[in-house]
Structure formats: structure tokens, C-alpha cells
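**Q** In order, the protein sequence lines correspond to chains A and B. First residue of the first sequence: 1, per my numbering; consecutive thereafter. First residue of the second sequence: 1, per my numbering; consecutive thereafter.
Read the hints as simulated data drawn from the structure, not as lab findings. There are no misleading hints in this set.
If you only want the chain B side, here are some residues facing chain A, beta carbon under 7 Å, derived:
hint : residue
1    : W74
2    : H210
3    : G213
Values in this document were obtained by computation on a predicted structure and should not be read as measured data. Heads up, the beta-carbon is just placed ideally off N, CA and C, and yes, glycines get one too.
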Amino acid sequence: MTQLPDIISRLADVDYIADDTIATALQLAIDLRRPLLLEGEAGVGKTEIAKALAAILDTKLIRLQCYEGLDASAAIYEWNYQRQLLSIKASETFAGGAKEIEDHIFSKDFLLERPLLQAISQDKAPVLLIDEIDRADMEFEAYLLEILSEFQVTVPELGTIQATSIPHVILTSNGTRELSDALRRRCLYSYIDFPTMERELEILLARMPNIEHEFAAQVARFVQALRKENLEKIPGVAETLDWAAALVGLNTQSLDGDLIQIQSTLICLLKTEADVKSITPEVTSRLAGEAA
Amino acid sequence: MAYATDTITSKNLSADRPLMTRMVGFVDHLRLNGFVVSPAETRSALATMTHTKGHTEADRQRLKTLLSSCREEWDSFDDLFEAYWFARGKERQTRHASESIVRKTPKLPRAWQNHLDEQDSSSSKHAPQIEEEGHVQTDGKASGRLMASDKAALEKTDFRQFVNPAEIAESEALAYRLARAIRYRQSRRYRLASKGGKLDLRRTIRTNLHHGGEPIDLAFKTKPDRPVRIIVMLDVSGSMKHYSRFFLQFIKGLVGQWAQTDAYLFHTKLIRVTDTLRDKNPMKAMTRLSLMADGFGGGTRIGDCLGVFNDHYAKKAINSRSVIMIFSDGYDVGPPEKMTTELERLKKRVKRLVWLNPLLGWKNYEPVTAAMDAAMPYIDHFAAANTLEALAAIESDLRQL
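Only chain A is shown next, with the shape it has when bound in the complex (with noise of 0.2 Å):
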């Protein structure tokens, strides 16, 4: 079994700085083989840490963006029917009945596998990340609670395939809609924060490895305090990483210095227009001042 320090300092040498509760739920799915659903605001980098658990495992990561009206052909299998076209035409000439010409376009060669079929067919247990699961809708939940329970998949057709390997399930919501109690019992749980100030700083540290060490914790600051205001949507780490970006490329060595360029790469931080108004120089200013 793995050790906790041991797990943190291996994401970090993938550039993951987690914390304690990540760390935890991280080796807790590793060690029950349990599911792990991650809630938290947008932004917050929960698709990252399925990202850096498939680096520490050394394994694939199979991605399943969910979307609205998800359905089982685009998520688990799918015949490919352009082939089993081309194969009954060229299979005319024999002498073959409807049996054989059925065993033939519905075997194995023609299944077209989806992320989750994929992900439990591997030979190496894949990270599977099942992204914004709230988007997919109740009836997908369903054929998914199948298939995390069972790890199995059924093709009428083919009848069951088994799972080579147990994936590790990494599911992510934005909570835009409560999901199923059946789907929660199944998983492990774990909600993101917004990073702390000391670890916003190491992720900006590990991230940008030329940024000046007291310029990041300007940055650091001044994003923390910006979270504090009242936004509509508040900014995540990306966004973060993204403005550190900004400013280092136009050169600025700290937040006290030019107030106008400061203003005018907010937009790296600020999404909406709301926002983009709520902020204005004399709020920057202030908020700089006390970063810098």
C-alpha cells in the first residue's frame, strides 16, 4: 500500500501539487478500486488530477466528456456498419444464409468500442475520466451504474464482455444538476476547493519554472483576494496560470508597477462582462497594493 507523502510527492514530480484531501481520495480509489467522484467549482483543476493520476500509474487515460443526450452508442459500443455493409456485399457471392452472414457482421471485428468499453477492455488498467458527468443525463447515469458496479458491458448481440482489467474511474461535476443517490453510494467523494494561498503558489512555481519566486506570491495574492469579490464567475487555477502567463510575457516584475497593463490582462482572469465592470482600476489598485 502506498503512503501518503509518498503519492503527493509523486504527483508533484508530475507537476500536481495536491493536497492532503486529494491525496487521500486519490489513494483511497486505488486502494478500494472504487470509483471517485470529484465535485467542486469550475476551474478548480479536477480534470487535471485525473490527468496526473494516469502519469503516476503509468497507464492510458480514456476520457468520456459528457454532454447532454450521451447516448450508449457514443459512450460504450457502436456497430460499424460501413464495414458490415461492405461485408455483406462482398460476402454475396457465397452461398452463406442469413445465419452465417449474422454471425459474421455481428462478431467481434465490426464492434466499434467507445470509451467505456475500451476502458475495461485494456490489458492495463487505464484511468478512466468520465468528465462532467451532470451534463449526461439520468438515463446515461443508469447504463453507467452498470457498468462501474459490474465492470461489465452487454451487447445483445455478443452477449457479456467481462472486463480485462478494473480502470480507475475518475468522475468530475460542476453540480449544474444533483445527480442520482444510487450513482453517489457507488463512489468515493471528494470536494475541490480553491486552492490555498501557499498552494496556488506552488502550483504557479511548478507550472512556470522561470517566474520570479516573490512575483508569484504577488500573484498569488492578488487572484486570492480577487476570489473574495463578488463575481459572477469566480477564477480557477487555469485561469491563474494564465494571467502569471500574461504578465511575465509583457515583462512586469511586480503588481505595484503599471496599473494600466495590469488592468487590461484582467481579461485573462475576468469572464464575463458583469465582472469585467465589477473590477474596476480603483478596485485593481487596491487589490494590487495589498498583494504587491
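Position chain B relative to chain A; hints supplied.
**A** This is chain B only, laid out in the frame that chain A set:
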């Protein structure tokens, strides 16, 4: 109850108690505080505890991940953990504190009596008798598409006049049927169609196998209309009390019939009641509703309530095909400007805003309140809602989406 006399909190940490008993006690403690924990999870919890002996912080993290399953549980876990294992912080509800877990017989709580007149008490009093023509035969067609027209007479009866249980049941049934009529169009996946749409290759290939696979009989599929999400907000202030019961039945019908319904009550506060209304036992539902809606009967603060909705629920509740239905008479004690601002915010998010006003059905009623005036520019459909017929009419409005 063996636990009842035991002071769990003081003995939790004494070493003579095996871990298992304490863990079972902890799970019990969580369950009392609203967690749903299965025996299998208790087992997992024990298993994970034995790995990290003695390291409390790690234990807490692990149990938190394992045993909580939503944001609320996640947030309250730490307190509960502290309270149980260290007898610190908030006590919350533990076994010994809850000896009085005696289930009370559900009875219509006082807070609701004005609104949901219990049938026997109200039948004798102030409700006028229903006219003779109200009792037309009620064997409408079972199509469920919409109410049969021979019901018109009954439907035209003002809701205030619903008096006896049979009529209330009838109104509930009609609400169910209306909900079902709207729901009829609910489906978002491809489904088999006789023609048009896309070719359903899977079905085509399968059905043509007996032709040697030559696609002769084609099967089609089409994407049916997408479902509408309905958000209902019911004004339960004093001025609406004659109508509250009926609307509540209607909303209950909607919530029961249509997966994508979200229901809220408001007066001076806004309360989400969707989950409560899903409860199969109507008495239990009403009891819980009353607990949620303490202290109403006074004025309505529509603007504030809409503000709460916009701030806390809108993101979750609204998608691009949402209809919001507000049942209110528009008597608002808050400032009209507040309501205007909030309605404007709301209107940006929803596809269609329907305001159903029971007073509109009265002769000579003009929306004279300041609030109603302020709201008018943002309302797509302003209709009377004092008869079932008026409610039925909004189906066509939903269809336009």
C-alpha cells in the same frame, strides 16, 4: 435501545472498546445526522482504519472521502467527526440525545392549516356550494393529451370553491393529466420513426438480414422534441391562501410526473421543495413542508426571493430550455425596483417566463399593484390561473419552445 443509556461520547476513546463497535457507533451517529451509509461502507471504513492506526488526521480524511457523498455531507463531516470521536465541537444529534425519536403520527401542521384546509373542517364553513353544472360526467377520454372538453364546466369553477374531498381529488387528477400531457413530448434520444430523420443503420442491417443483408426495408430514426425543464415558484403568502392547496397539488402532480421539475415556495423566504414533494406519502410531505416554511402568512418579498433563487439555485436549476412558472398574485411588500432587477437577471437565463395570477380570472381585475406593473415587461405569458382550464392553456405555451 442499548445505546440510549450509554454516554457514547465520553467512552469513545477508551481503549477497552474494540474499534468495530466504535465504528458502528460512528456510522450510526452519521446516519442520525442524515448520512446514508450502507453496511458495505462501514466495512470499508473499518478496513481503511486498520491500515492507518493512530494517525487521526489521515483517518478523518479517509473516512470523509469514504462516507460522505455530497457537498452538504462533506461540509458537515468534520464537525460530526470531532463530536463523536473527541466529544468536541457541536454535539449534533447522537443516540442519547435522541431518545425521543418517537415518530409522530403525521398530522397536518398548524402552519399549513390556513392554506391546506383539512377537508372536513373546511367543508362546512365559508366555502360556497358548487353549482349544479359542476358535476358533469367525468369520464373523459384516457388519451391524456389534454383534458377532454366535456370537463369544461368543472374546470371553470374557481379554485376557491373546491370543497369536498372528491373534488379535490378530481383537481389533483387533472393536474396529473396535464403534467402527463406535457410530459408526453419528453424524450431526447433518437427513436424509431416511420420516415424522415436519420437512417437507423443498426435496425436496417438487422431487419434486412433475411434479404441476405441487402438493405431493402429501411428503418429511420428521429430526434424527438427536447424536454422542457419546468421551474415552479409558488407564492404561499396570506393573500394566496385560497389557492395554495390547489397549486400545491398541481405542483406535486408536476414533480411526480416530470423528472425535470424543480419546485420552490416563497413568501418572505424562498425554499426549495422538490425533494419533499417527491415523497410518496402526502401527509409526510406536508409535514416536512411546514417545517421548511416556518413563519409565513405575512407579506411576500418577491424581489428578495427571486434574488435568492438567482444567487443560489439558478445555475443548477436552469438550462437553455427552461420555463419558469411563478404562481403569485403580485402583492409584494418589497420595493418594485428590487423585483425588476431580479426579474431582469432571471429573464436572461430562462427561455420563457410564465406568470400565473389567480386574481386575473376575476372580472374587472387589472394588474394594478406596483409589483405587477414592474414585472410586466419581463413576462412572456401572463395568464389567469384560477381554473384548470387556464392551467391547461399554458401547455401550448410550453410547446412553443
